Structures are given as C-alpha cells and as structure tokens.
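Chains as they are written, first to last, in my numbering: chain A, 3 to 375; chain B, 4 to 290.
To be clear, the hints were calculated from the coordinates, so they are not data collected in a lab. Source: prediction; values computed, not measured. Certain hints may be false.
Stated by the list, open to error - Have a look at the derived ranges for each label pair, beta carbon to beta carbon:
1) A:189 - B:289: 39 to 49 Å
2) A:242 - B:47: 11 to 21 Å
3) A:72 - B:258: 47 to 57 Å
Note that the Cβ used here is the ideal one computed from N, Cα and C, for glycine as well.
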Amino acid sequence: MSISARHFTPSQPHSQRTKKHPFLLLSVTAAALLVSAGCGTAMTSDPPGARTIAVAITGEDTAAAGFPFKASPADGELVLVDGWSLSFKRWLTVVGNVRLNKPGKDPAQQQLVGELVAQQAGPFVVDLVHQTVTPLFKFTAATGGTALDTQTRYAFSFDLLPATSAAQKIGLDTAADAAFAEMTQKGWSNYVEVVATHAPYDAVRDGNAAFMNYPTTVNFKLGWGGTTSYLNCSNPDNGTDEVSNRGVAPKQDGEQMANIHMHLDHPFWNKLNTENPPMRFDAIAARAPGTGSTRSVTMTDLSSSLVTKLTDASGKDVPDRAVLPQGYQRVAGALSYDANGTSGVDTLDKFIAFSSQAMAHLNGEGLCYVQRK
Amino acid sequence: MTQQRSWPAWIACTGIALLCSLSVGCDGTTGLRRSSFALYAGGIARPDSGPLVFDNALGFHITLQTARIAVGPVYWNVAPPLTLNRPSLWQRARSWPLAALIGTAIADETQDHLGGGRIIAQVTARAIVNTLSPELTLLGLGDGVSEHAQTAELWLLPEDAAKQSGTLPGSAVAQLEGQAERSGMTIPFTALLPLDAQMAGAEPLQQLRSVRRVPANIDFGAEGTNPDLELRIDPRPWLNYADFSDLAARPLEGNTHPVLHDDQVMRVLQAGVRQSQGVYFFAVRKR
Numbered sequence: 003m004s005i006s007a008r009h010f011t012p013s014q015p016h017s018q019r020t021k022k023h024p025f026l027l028l029s030v031t032a033a034a035l036l037v038s039a040g041c042g043t044a045m046t047s048d049p050p051g052a053r054t055i056a057v058a059i060t061g062e063d064t065a066a067a068g069f070p071f072k073a074s075p076a077d078g079e080l081v082l083v084d085g086w087s088l089s090f091k092r093w094l095t096v097v098g099n100v101r102l103n104k105p106g107k108d109p110a111q112q113q114l115v116g117e118l119v120a121q122q123a124g125p126f127v128v129d130l131v132h133q134t135v136t137p138l139f140k141f142t143a144a145t146g147g148t149a150l151d152t153q154t155r156y157a158f159s160f161d162l163l164p165a166t167s168a169a170q171k172i173g174l175d176t177a178a179d180a181a182f183a184e185m186t187q188k189g190w191s192n193y194v195e196v197v198a199t200h201a202p203y204d205a206v207r208d209g210n211a212a213f214m215n216y217p218t219t220v221n222f223k224l225g226w227g228g229t230t231s232y233l234n235c236s237n238p239d240n241g242t243d244e245v246s247n248r249g250v251a252p253k254q255d256g257e258q259m260a261n262i263h264m265h266l267d268h269p270f271w272n273k274l275n276t277e278n279p280p281m282r283f284d285a286i287a288a289r290a291p292g293t294g295s296t297r298s299v300t301m302t303d304l305s306s307s308l309v310t311k312l313t314d315a316s317g318k319d320v321p322d323r324a325v326l327p328q329g330y331q332r333v334a335g336a337l338s339y340d341a342n343g344t345s346g347v348d349t350l351d352k353f354i355a356f357s358s359q360a361m362a363h364l365n366g367e368g369l370c371y372v373q374r375k
Numbered sequence: 004m005t006q007q008r009s010w011p012a013w014i015a016c017t018g019i020a021l022l023c024s025l026s027v028g029c030d031g032t033t034g035l036r037r038s039s040f041a042l043y044a045g046g047i048a049r050p051d052s053g054p055l056v057f058d059n060a061l062g063f064h065i066t067l068q069t070a071r072i073a074v075g076p077v078y079w080n081v082a083p084p085l086t087l088n089r090p091s092l093w094q095r096a097r098s099w100p101l102a103a104l105i106g107t108a109i110a111d112e113t114q115d116h117l118g119g120g121r122i123i124a125q126v127t128a129r130a131i132v133n134t135l136s137p138e139l140t141l142l143g144l145g146d147g148v149s150e151h152a153q154t155a156e157l158w159l160l161p162e163d164a165a166k167q168s169g170t171l172p173g174s175a176v177a178q179l180e181g182q183a184e185r186s187g188m189t190i191p192f193t194a195l196l197p198l199d200a201q202m203a204g205a206e207p208l209q210q211l212r213s214v215r216r217v218p219a220n221i222d223f224g225a226e227g228t229n230p231d232l233e234l235r236i237d238p239r240p241w242l243n244y245a246d247f248s249d250l251a252a253r254p255l256e257g258n259t260h261p262v263l264h265d266d267q268v269m270r271v272l273q274a275g276v277r278q279s280q281g282v283y284f285f286a287v288r289k290r
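Throw the hints in and build the complete structure from the sequences for me.
Structure representation (structure tokens):
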C-alpha cells in the first residue's frame, strides 16, 4: 500500500506548515501500517484496501513541537508576534459523526450535500499531543454493505462533539482521565493544556513598562464546547481549486486516506474569519491572577476582557507588544482583537472559542463549511 | 487606489456576467427570470428624525446628533448568514425542508472563511445614508435573477460616493457627532471613520471595506413581482463598547474631542460598522 506522507504533513499555502518532521514521518508509517492491518474489502477481486477510506486525525508537527519563538523565523514559520513560546502538554479532542455523502448539486452552497452513503458515529477521543497521527476507523462499504464507488468523489464531513462517557478512547493514557472527566462535566469538545514562556522583561524590546509586571511562565488551560460540524471539505489531494477539489474518492488500487488536520494555531489568532492573522498570547497572560513570574490562567479568567478593549487582571489596558523585528508593525494604544464582522463575539473567551471552532481541516489545508451548533 | 476599486469591480463584472448568463436561459433552459427593483435606505423606524439617545455596554449615555455612512454597492447572495447560535426550532421550521434537514449554516471557510456562495442580485450605486432619519431615500436601482437570497454584502467605499447626497469629509465612510455622558462627565466627540490602508494594515483593504453575510431573506423569484427593497441601518451598535473616557484625557479641540485613528473608540467604530448582524436590516419595502 502506498501512502503519501503529505497526507499527514500540512500543506498550507503558508509555507510554515510544510516543514517535515522525522518523527512525523515515522508516525505516518506506523499509522499506515496500523490502518492497513485491518484492511479487508467485500470485493475479493480488488487488491487489499481497494474501495476503502481510512480516516485518521492529527495535530500536525506543532502538537509535539509547539510554537517556539524565534526573533528571526524562517520564511513562513509560525511564531507569536509578542514573543511568547507555546508548548502543548495535552490536547484532547472528540470527533465523531464522520460521514460520506453523495456530492451536493450546487457547488456554490458548500453546506448542501447529497444522500448519506456511510457514517461512523464514534465518537472518539484522542490526544493530539501524545500521538501525532491517530487512526480512527475505515469506511469499507456504504451503509447496507454495497461497495464504495471509485467513480464518485464523496462529500466528506465530520463533527467535533462535546465529550461524553460514551466516547471511545484511542491512545489515551490514564493521566488523561481527569482531563477527560472535566471535559465531560463541562461539555467541552476540546481540552488543552498549554505552557507559555516569555523572555524576561526588556525595556528596549518590549517597549512598555507595563510588561514588567507580566508573568514569564503561564500555565493556560482552555476548552470549548458545542458541536461543530465540518461539512463537505475541500481536499487538496484533488487539486488546488477549493470548490472543485471537494470530497474523497475511493481507489481501485489501494486504500484512500482522509486525514482530519487540527490546526493548533487557531486559539491564538487575533482576527476572525480569515486565515493566518498574527498569533498572540499577551492578552491571555495579562489575565493571569496573582503575582510572580509563574501563574495560571483559565478561560473563566478571560471572560471579562473585551476584545475591543483588552485589559489585564487589574483592568489596565494591554499594550501591543510586537517584538518581531520584521513582519509585524506595532499598533499604538491599547491592544484589541478584530471580530471581522462576527457579531456577538465580545469577550476574549468567546473569541478564542469561536476561532478554535474553525480549526479542523481535511488532508492538510482542506477547508470545510463550519457549522456551529 | 487600484486595489480599492478592483475588488468591487470584479464582483460587479462577475455579477453582470452571471446575470447575463442566467438571462440567456430565460427561454426555459434555466427557469430563471430577470427582475429589477429599487433599494431604499434610511435609519431605524421611529416617529421622528433627530438625535438618537441610548446607553452603551460600558455605561455611557450617548446622544448622536450626526450618524452618516457611505453605503454601496450591495450584492445579494445565496450563501447563509454568519451567526453564532444554533437556530431556533421555529427558524428551522420556517426554512423547511433544507435547513431543517441539515441545520442552518453558520460560518464557512474559503480563503477568508466566508465562502463565495453565488451572487444573484446587485445594486451598484452608492449613497450617503443618514441613519438618524427614518425616512427611506433611494439608494439605487438593481437587478437580479429569480432565486432566493439569504444574505447581502455591503461595501463601504469612500471615493466617488454619494452622487445623490454628497461625500463625507476626509474620504471617510462614516461620520459621527454627539456626546457621551458617564459619572457626571460629558464628553463631546466627533469621528470620521476612514477604513483606509493604514487601518487595514497587512490585511486586504477590500476585506476591511465589506460587510459580508448580512441576513437578507429576500425572494427575488416571487412570480409577477419586482419588490422594492429597504435597508435600515441602526448606528447604536457601532458604539456599543466605546470607552469615551480615553477621549476626555485630551484637551478639547474647539468644543469637541476628535476621535483619532488609534483611539479605542475608533477601533470600536470600525468593528461596529462591519458587524454582519444587528446593524443592517434588509426587507421588502412596504408600500
């Protein structure tokens, strides 16, 4: 069976996602073997894996590598403009209701798909950090047992779901039990533990004395809930046109892959409804209560910070700390985030949740219709 | 200013091409027919024009004496609105059968996460709208094809605007004058919102100057009718999170506090005029 590594390597137009990682390739191979181990089709004349779609999920390289800050990042490399480095300790996500539908009749309306062909309800809960690529299951036939059609590009959709005790744990260690219990209790679909670090205050670099009082290590626990449907995803494996490349077609000569890519930069964007705005952490760090260089912050701490007037835990404005020498221009005055037309996203916790709810893609950069429920 | 003109021009061309191509099918190949209509615009419906008084979320008691905005062109799209919340059962029932089966669509993604959809009607004119006047005035004439629009896209362009009612000072797209009161302090203010390249930063200017996915449940296909449309604009949400105390820290200029480019009030205003919901309300005009 042949599996292209690019399935598991983000292929964002932004070249920062194209970096390959030896561990990732190793994981890809392992995942491929795992997935292929269960291959079997109803078509005895077909080669192994034919007419089968194997579904996996990945947090990409960044799940393990995080976002280390570099003052001079390589072209397209993702860094936070305010100088923070992020590493992920845990990222649990619940995925389910993976669906294949016949294509919709109106390409202008991505959310409209045709008749349901196959569905795997799951749900599955995985840790994106502890397993770079997690195979979930395989579609081996349509509902009712008929073989999948290699001439049809099926619309591919899935949901991120609130955690319940019914979720099937894949690759989770026992240390994740407490986190999963909290997810279930709060109805979160994603649970994230981040450690953020920043170099000590430097008057020249940081530009504002307010940052003297900011922590340099922040333990940030975040999560968000609700069901988010990702409908009729584009598929970069079928070409670059985001309309005509939608869907996944089974192959006659082997297994087809459909990999859900979670883009871990979304929670830290400062603008909605656009791809790759600057990433920041100061507005989150500023909300950490207490004193000292190491503090903790949760989503609750962010709920009284207006995105149009971001403030610290004591109510003072958060200045714009742009420490990148190139690529970002510091904004005068208080920092604010841009809801970019979205009404009702007025506080920082809502902003992060809304932005994060668009973080899943297909096969790298395949954009899906995002339906929040 | 090439960039500022190219995007709406592209949309207009696409829209015209679409309309032309669809109109070719009026012999029955597509089943669509052309429709023409007029778009009227004004402020929210209330008994009288004049100052608008309201409180914002930060506790300021605001009196608006001027609130004008440059609007146009306007395009209607089959794409669904951008919204946060799950639609109610009633909303889903109204849009049976499609939405009831698949749920009402929220934000989708393409290059800018808002998707393309399909433009089915347009008004290419521009005008300055006095949002403090409930009287509807003609914004422009439009044409479309007999489909159902779910949303509209408004452009907020300063140049060449307002052949009917003049331009705003300083190439602004919105002009506000009024006063804000809180804790016994009264802060007079004036604001001219530019939506210019400086404000756009690294983002495309056309993105800053368009308001997309505004709910507009308009049926351009009602048999035998060419309904005129109305657009009512509510300026109150523009200032919902404005903190005028920042202005009071500066001395008066004349008898007012001009809102400057980097002021929090200006950023709030910029975000406010671009809100897809709660500001712009489309409907079939009642005669």
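Quiz item: Which hint numbers does the structure go against, in order from smallest to largest?
Solution: 2
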